[in-house]
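Novice: For what it's worth, the numbering used here labels the leading residue of the sequence shown as 1, then goes sequentially.
No lab work stands behind these hints: they were computed from the structure. Take these hints with a grain of salt, some might be off.
The list that follows gives simulated cross-link-like pairs (lysine-lysine, BS3-like), each with its CA atoms no further than 30 angstroms apart [what the hints assert, rightly or not]: (1) K89 x K78; (2) K78 x K96; (3) K96 x K47; (4) K89 x K47; (5) K78 x K47.
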Amino acid sequence: MQESARSGILRAVLAIMVAALAVLGWTLRDRLVPARTNGFAPELTAKSLDGRPVSLSDFRGNVVLLNVWATWCPPCIKELPALERLHRKLGPEGLKVVAVSVDAPAAVAGPYNELQAYVDHLQLTFTILHDAESRAQDLFAPTGLPTTVLIDRQGRIRNTILGAREWDDEEHVREIRALLAEVP
1 MQESARSGIL
11 RAVLAIMVAA
21 LAVLGWTLRD
31 RLVPARTNGF
41 APELTAKSLD
51 GRPVSLSDFR
61 GNVVLLNVWA
71 TWCPPCIKEL
81 PALERLHRKL
91 GPEGLKVVAV
101 SVDAPAAVAG
111 PYNELQAYVD
121 HLQLTFTILH
131 DAESRAQDLF
141 APTGLPTTVL
151 IDRQGRIRNT
161 ILGAREWDDE
171 EHVREIRALL
181 AEVP
């Protein structure tokens with residue numbers, strides 16, 4: 001085969017590959033970018049630790065702090081106590097803290113439930129869900145864990161924060177109290 005023919009075939013194959021990647025990127029665009037601020041939070045259903053399905057829409061009418069995390073993520077584990085303190089502080093005012101673990105199914109299977117062990121050890125009392133399919137990470141946290149999404153009473157995303165935070169510090173408490181004070 002002549003060099004120019006090989007070069008032409010190589011260019012054609014490369015063009016087809018680029019086009020295929022562009023089509024794939026377009027079809028998976030919702031998984032490649034986080035849900036937009038001021039857009040409505042996408043629907044998500046995950047299982048509670050007792051196996052019941054719980055949907056994000058179940059919390060509509062409340063301000064929701066949705067935290068996407070995993071037991072293998074050290075910053076995630078580090079921020080869980082701050083989420084618990086925030087839950088105890090603002091839960092009575094209407095805040096719902098919902099932490100969605102994207103751990104593999106093995107983390108909750110068998111005689112040792114790693115997820116439940118963390119919840120028990122840290123004495124977490126807010127809602128903990130397990131999302132074995134990692135839909136929460138696809139929808140809300142495509143760039144890393146932990147990711148926290150603040151959702152208003154109407155279900156709109158008001159803020160998305162990547163990385164661990166001290167959620168019970170005054171800055172965050174003030175932001176969340178402002179959302180709690182909004183009239184739907």
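Novice: All hints, please: hold or fail.
Specialist: A quick look at each hint next to the structure:
Using a Cα cut-off of 30 angstroms, the hinted pair K89 and K78 holds, with the two alpha carbons roughly 18 angstroms apart. As the CA atoms of K78 and K96 are separated by approximately 20 angstroms, the hinted pair is consistent with the 30 angstroms bound. The suggested pairing of K96 with K47 holds, with an alpha-carbon distance near 16 angstroms, which does not exceed 30 angstroms. Distance check on the hinted pair: K89 and K47 sit about 25 angstroms apart at the alpha-carbon level, within 30 angstroms; holds.
For the hint pairing K78 with K47, the CA-to-CA distance comes to about 23 angstroms; that is within 30 angstroms, so the pair holds.
Of the numbered hints listed earlier, not one is contradicted by the structure.
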